[in-house]
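Number of protein chains: 2
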Amino acid sequence: MAKVLYVICDGLGDLPLKGKTPLSAARKPNIDALAKGGQCGLLHTIAYGVIPGSDTAHLALFGYDPCEYYRGRGTFEALGAGIALKHGDVAFRCNFATVDASHRIIDRRAGRLKDFKPLEAAVNEIKLQDCTLKFVSTVEHRGVLVLSAHSASPSFPSGKGPLSPRRESGQNGAPFSQQEKAGGPGLSSNVSNTDPHEAGVPIQRCVPLDKSPEAEKTALLVNEFSRRALSLLRRHPFNLKLERQKARPANALLLRGAASYVHVESIEKKYGLKAACIAGGALYKGVARYVGMAVPHVPGATGRADTDLDAKAKAALSMLKSRDLVIVHVKATDSFGHDGDFAGKTRMIERVDAMVGALRKGAPDAYILLTGDHSTPVALKVHSFEPVPVLVNGPLVRVDTVSRFDELSCAAGSLGHLTGLELFRVVVGLAGKGKLYGN
Amino acid sequence: MAKVLYVICDGLGDLPLKGKTPLSAARKPNIDALAKGGQCGLLHTIAYGVIPGSDTAHLALFGYDPCEYYRGRGTFEALGAGIALKHGDVAFRCNFATVDASHRIIDRRAGRLKDFKPLEAAVNEIKLQDCTLKFVSTVEHRGVLVLSAHSASPSFPSGKGPLSPRRESGQNGAPFSQQEKAGGPGLSSNVSNTDPHEAGVPIQRCVPLDKSPEAEKTALLVNEFSRRALSLLRRHPFNLKLERQKARPANALLLRGAASYVHVESIEKKYGLKAACIAGGALYKGVARYVGMAVPHVPGATGRADTDLDAKAKAALSMLKSRDLVIVHVKATDSFGHDGDFAGKTRMIERVDAMVGALRKGAPDAYILLTGDHSTPVALKVHSFEPVPVLVNGPLVRVDTVSRFDELSCAAGSLGHLTGLELFRVVVGLAGKGKLYGN
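Note that the protein sequences, when read in sequence, are chains A and B.
Quick note: the first sequence uses this note's numbering, first residue 894, plus one each step.
Quick note: the second sequence uses this note's numbering, first residue 894, plus one each step.
In isolation and in its complexed conformation, chain A is listed as follows (with noise of 0.2 Å):
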């Protein structure tokens, strides 16, 4: 059975300024060697022209229909922050904001930039009737909160998202729809956020957006965690501290993207495949967690450009030994893309190169991919819906005369063009572990 190395770039795709992008303008030998040596396309992650959250493109590429699984981003960013979800818990993403006498937003950030951790005991000190609720702050302003049912009667609205690609007229969510009853209302994502994400306007009230008990009764816990958050965090030494040095409490905590959790087949009860992923960012931890993937703590990697790749690479090719396919992800090409910074995403390109010359002298047996999740390109600082390139290299692959890995050479590789799941299932064959269809 052959390994599977998979190495993705975050927002790694770009348009060209001055007739160059990041990826044609970085000196990069090890990733064109793999190029020339192998075979290359485009990727569009979701489907042609649809731009890719984060969340729902990584799903995709570890072989989960986003139209199918994805039930918003909170559970992933709970899982990446460490918690551990049970079907039907309810995960939201917070921020420490700054509010007035009036609970008007002054900042959505409480001045950012600052460790709120002091403040995450007091958080999870509230009692909500008939919920067990936990919080964790995790880099700066931000934190999770996930509410869990003591009873335990779940609704899962259908799947979030009006996009069914290559699926016309199929349903949305018909695995997740149906009600489970048994004992009292569960909990329901399907609420507003009491983040207006602006300042100048009250904190929302959280409000069902549908007339299910589950997302009544999860409305009435929000609203009722969002007044004890405003009354302890108002008190709390840590922001009364802060009122004296002139600077901004986090005096309230703002709520959104409510996501439920499901219970999914593992990758490896899915696809046969053992996978773990090596990856900084708490996104990308969870939507791997959330497939059943191993992801070992690394070291040094932190989802920034201050990343250590090297400690990624030795931590890939010591997974690999136990593991069929094993994902590398690197969050800062995407960072440099938001930030409009080409440079900065050029030389990030040239690292990711370093990196990949180390796993492939390490493995040099492997399979190697290479791809990203979207386009953010640096003109536009916003992801965008223009495929990636991607690269296969391996024992057995068909050669093509793509010899640079960029935008415009991938676009004539003999891969074509693709989509997520259909890379996944590329990767499953490459394997070994493809299940013939038929007889």
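No lab work stands behind these hints, which were simulated from the structure alone.
Be aware that one or more of the hints could be misleading.
The list treats identical chains as one, so a pair stands whether inside a single copy or across any two.
For lysine-lysine, the following DSBU-like pairs were computed, each having C-alpha atoms within a straight-line distance of at most 35 Å [stated by the list, open to error]:
(1) Lys1167 to Lys911
(2) Lys1274 to Lys1162
(3) Lys979 to Lys1104
(4) Lys1104 to Lys1139
(5) Lys979 to Lys1167
(6) Lys1134 to Lys1010
(7) Lys1027 to Lys1328
(8) Lys896 to Lys911
Given chain A, put chain B in place with the hints provided.
For chain B alone, kept in the frame of chain A given last:
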């Protein structure tokens, strides 16, 4: 109206060994001339990354979505063996096998390479309650058994196989899943095999795979058939003689691959095409008959490397006079792939080249298509997910720059990447039978 000749070389695609595939190594002036004067592409028969079986692949190539129409291989084998089927019949693939006194399997193929035709009549003497049976001994140890209920109330389980490409969460088999209630319970293909697929273990008891009365009834009938076959084969003079010769007797019949026959709309009704198929292998004849193609008997067409390709070309040209579409199937390219025989596969392609030359000469105004149903790389010896080259040549095509017909060259063709169903729509269009969608 234009005529279409459609040549399918089974398992044609391959992976490079020392930079060459059988297709790129073969001397094939006729095929390369068609590529040069036509347009080329790469075919993903079922969907990108999916490994096709021969049965599902041919359904797709004939314009029938396997996700909708595939109900197992048995019915195709039965039709290919010349058995007439009626709606609701259940067909099994069979092996004559050698078992010991406790019905433990000694040889799943009863010594192989023998002609067991003399046993056929005796097996057909078996009487089962409320059910007719038809058994045909086909090639060597292989055979087909069809059970046909007297009372007609068949149960059709939903489509086999977990894959619904491009319709990931859709329901399989909707057109057939309804139960047609009339009379007592009929038969169901949703039963287990009696063939354990290995020696050293006993013949398996057939069990129903769902709770329907049809599956229960079918399992009972299969077990009764197994018992009676054991009893009569043990005492059959043909086997007694083999035992005296110290050869392995064919004293058991192993059943596998139950498939329900469901009547489908013919290719003529569905697409307006009068079609014929020239093939040697029973499976391919069976799929062609299933969709209502004419399948003439061509002496010398064996489905093996010794097949008479001249005779097939002549038969194809003769059928083309009264048909819109004639398919010519060549099996041996796949067999050489399964055997890992690079030189054999290359030679077979060179023989196909001569046949293609004869076809072009005999039908200078027809469209000619050439492709395979899947790749069977000699390096792997099994079907693989890699796409197959395809060419279309004829009076009105967009001639592209491809001048050689192989896996790499065709990747640059103007047909791009397409599926079997998409290619069949092209066939319908070239034949002038395409229907406007909309107005």
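Hint by hint, here is what the structure shows:
1. Lys1167 to Lys911: between (44 Å within a copy, 31 Å between copies)
2. Lys1274 to Lys1162: Answer is between: at 26 Å across copies they meet the 35 Å cutoff, but 38 Å inside does not.
3. Lys979 to Lys1104: The answer is both: 24 Å in one copy and 32 Å across copies each meet 35 Å.
4. Lys1104 to Lys1139: So Lys1104 and Lys1139 fail the 35 Å test inside a copy (45 Å) and across (73 Å) alike.
5. Lys979 to Lys1167: Intra 22 Å, inter 45 Å, cutoff 35 Å: intra-copy only.
6. Lys1134 to Lys1010: Answer is within: at 15 Å inside a copy they meet the 35 Å cutoff, but 87 Å across does not.
7. Lys1027 to Lys1328: Cα proximity of Lys1027 and Lys1328: across copies only (32 Å, versus 41 Å in one copy).
8. Lys896 to Lys911: between (39 Å within a copy, 21 Å between copies)
When held up to the earlier numbered hints, the structure conflicts with hint 4 and nothing else.
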